[in-house]
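Undergrad: For this one, chain L is given, so just place chain G on it according to the hints.
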Amino acid sequence: MSGTPSTVRTNSRLIRWIDTRLPLFSFAQDSVLDYPEPRNLSYWWNFGSLAGIMLLIMIGTGVFLAMQYTPNTDLAFDSVERLMRDVNYGWLLRYIHMNGASFFFIIVYIHIFRGVYFGSYKEPRELLWMLGVVILLLMMATAFFGYVLPWGQMSYWGATVITNLFTAIPVVGNPIHTWLLGGFSLGNPTLNRFFSLHYLLPFIIVGVVGLHLIALRQHGSNNPLGIAVKGPQDEIPFHPYYTLKDMFGLGVFLIIFAIFIFEMPNVLGDPANYIQANPLQTPSEIVPEWYLLPFYAILRSIPDKLIGVLAMFGAIFVLFLLPWLDTSRVRSSYFRPIYKWVFWLLVIDVFALGTVGAHRPEGAYIVIGRIATFYYFFHFIILLPLIGWFERPLPLPESISAAVTKKSVAVPAATERRAVS
Amino acid sequence: MTELAHGKPVAGAALSNGHGEASRRDFLTVASGAIAAIGVACVAWPLIDSMNPSADVLAAGAPVDIDLTHVQPGQQIVVLWRSSPIFIVNRTPDLLKTLQDPKDLALLSDPDSSVMQQPAYAQNWHRSIQPQFLVLVGICTHLGCIPGFMPQANSVAPGWLGGYFCPCHGSRYDLAGRVYSGVPAPYNLPVPPYRFTTKTMIRIGENPPDGGDFGLDSIVQI
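Protein chains in written order, with the working numbering: chain L, 1 to 421; chain G, 1 to 222.
Check before you lean on any hint, since a few could be wrong.
To be verified - Restraint-style ranges between C-beta atoms, simulated for each label pair:
#1 A62/G to L200/L: 28 to 38 Å
#2 G210/L to V220/G: 42 to 52 Å
#3 A36/G to P240/L: 47 to 57 Å
#4 N88/L to M201/G: 51 to 61 Å
#5 I48/G to I59/L: 21 to 31 Å
#6 V171/L to M201/G: 34 to 44 Å
#7 D78/L to L58/G: 27 to 37 Å
#8 Q100/G to Q68/L: 57 to 67 Å
#9 F317/L to A34/G: 29 to 39 Å
#10 D78/L to V64/G: 27 to 37 Å
#11 L22/L to P46/G: 36 to 46 Å
#12 V206/L to A34/G: 32 to 42 Å
Said to hold, decoys possible - Which chain L residues stay away from chain G? Per the calculated CB distances, all over 12 Å, these:
#13 L24
#14 F25
#15 Y43
#16 P124
#17 V206
#18 G207
#19 Q233
#20 I236
#21 V342
#22 L346
FYI, nobody ran anything at the bench for these hints, they're computed from the structure. Heads up, the beta-carbon is just placed ideally off N, CA and C, and yes, glycines get one too.
Looking at chain L on its own, in the form it has when it is part of the complex (with noise of 0.2 Å):
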């Protein structure tokens, strides 16, 4: 590229001396202006984003809270407290980080059951949708780290929980926990390492959404008929169109957030976390936040320790095993007559799941916990392979355009296999 003169639209000399230099203007044109994005995107794709916009969100505002807080066991409790009472715009900087963190994994979870719907993981996508699931962890680990650091009875007793976890392990187990904590139990070293992480994390989502854009940028946006783009006939510039349907979801979604931080600013949170930590009393019952209570009730639900923490864990796995799990090769659900109700099969069972983690392991509980534990890996290990098989997929249309100006509708079946791939 060197020696090439700047191509981009500008009449000012000095961008133009710049961007010959440093070519950002030109990059912002050809990735942001210009970037061509199928024409028939709709709101769940705004999702993305949107949760960029969120990551940019909790670094800002954990950046002030860092200049209060003190990761110390003793000063800990109180400096959140100092920050809430005597920080100008404290108890503000705290509730939107607090509610952030909540409203993060909810646009996640919503672009990554997007993701699942219209089979936006399939080839070519594959080390998209991979790198996407590695940001999903990243963000538990954060948020773990992040919900220790006030250091309420729930932020200690949580990470007793999660730090045990390792203990699972075989030989190794103890070591390795000793090593995570810092001590034979939770401890001003634990906190304070926890402080230092949660402030590293952030930064390799950073790189690691960096990773996941340009493997977007390879093949582009899936889009809800699952299609591949044949031409400039179904495609839009992002911007106007994308950057104003973006904007116009961020403000629906600041309304909703700001209804929380305002109006109701602990809803998601639990109480006990406003009492210090303890390490003489354990809480009558442990929640994790609200995010992570699938993952828990799988946990719960296995009444062995190792196998317990693997199912938790491969919860999460599994999901770097989708493209190949699905053997359909239609993307979009609209086309999979079978499928798109098994997808909401999973959905209903995620929630199950989501209600059997908050409830103490009894009764009904622990019957529910065990069949939708089993439904989960049921669905993405039997059903998916299987539907991919037996099921006969609706004809696909022969392009985006074609379908959106409604000028053909169904085209035979014989060429489905080329709108496919």
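TA: Leaving out everything else, chain G in the frame of chain L:
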């Protein structure tokens, strides 16, 4: 080097002799790669080891002395040793009776304490030095919560003989810290090293003179 001979050409293949044999270049590539890997490991180890318990944390694990005369019959006290809660229970003859009750033994996953969750001198039906006094590390072997002391019969469920109930995930132990079967916790509650310094004083963190060198590291699962 035979592996190299059959392997794919490595970087600098153009300089290899082209007969599928290892060249000096191949040797240098592998040798410098190996040295670099050792170098990375040498740099990484101080970083990794810095996260292990520091000298002050280890020093905080010094033995503690407890006077048992203050523990009433049927009472449990909790003391801290190595920042872990240590349960000390003064078991009445009635409570001790349940430990040999066949009804209790049938429910246990490891009634004979065969897994080394205790020093050899506590590997007996009462899991202690003296039957009367029980000394346990009060950390559930499932995921580290502190089990509740529930000595009353029928207090947790009908037919409950008295013992420990973990509020987190419902694990159950009897009054010797032996885990019931069918609960998530895999092992009995650990017994720490301890010895009687006088008839009524115990020192947690030291073995009896003839008790071997049992330590927290010897425990299968804390």
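Undergrad: Beyond 12 Å on every Cβ pair: is that true for L346/L relative to chain G?
TA: holds, 26 Å
Undergrad: Verify this label for me: L24/L is non-interface relative to chain G, using a Cβ-Cβ cutoff of 12 Å.
TA: Nearest chain G Cβ is 34 Å from L24/L, so the label holds.
Undergrad: Between the beta carbons of L22/L and P46/G, is the distance compatible with 36 to 46 Å?
TA: About 38 Å separates the Cβ atoms of L22/L and P46/G, which means 36 to 46 Å holds.
Undergrad: Taking the closest pair, is the beta carbon of Q233/L still more than 12 Å from chain G?
TA: Check passes; 45 Å lies beyond 12 Å.
Undergrad: Between V206/L and A34/G, is the Cβ distance one that fits in 32 to 42 Å?
TA: holds, 34 Å
Undergrad: Say whether it holds or is violated: F25/L keeps its Cβ farther than 12 Å from all Cβ of chain G.
TA: Label holds. Min Cβ-Cβ 37 Å, cutoff 12 Å.
Undergrad: Just tell me: holds or violated, for the beta carbon distance of A62/G and L200/L against 28 to 38 Å?
TA: holds, 34 Å
Undergrad: Against chain G, does V206/L keep a CB gap of more than 12 Å to every residue?
TA: Given a closest Cβ separation of 22 Å, the condition holds.
Undergrad: Beyond 12 Å on every Cβ pair: is that true for P124/L relative to chain G?
TA: Nearest chain G Cβ is 26 Å from P124/L, so the label holds.
Undergrad: Beyond 12 Å from chain G, beta-carbon-wise, is V342/L?
TA: Holds, because the least Cβ-Cβ distance between V342/L and chain G comes to about 31 Å, which exceeds 12 Å.
Undergrad: Against the range 21 to 31 Å, how does the distance between the Cβ atoms of I48/G and I59/L compare: consistent or not?
TA: The hinted range 21 to 31 Å holds for I48/G and I59/L, with Cβ atoms some 27 Å apart.
Undergrad: Starting from the hint 27 to 37 Å, judge whether the C-beta atoms of D78/L and V64/G obey it.
TA: holds, 28 Å
Of the hints listed earlier, there is not a single one the structure fails to meet.
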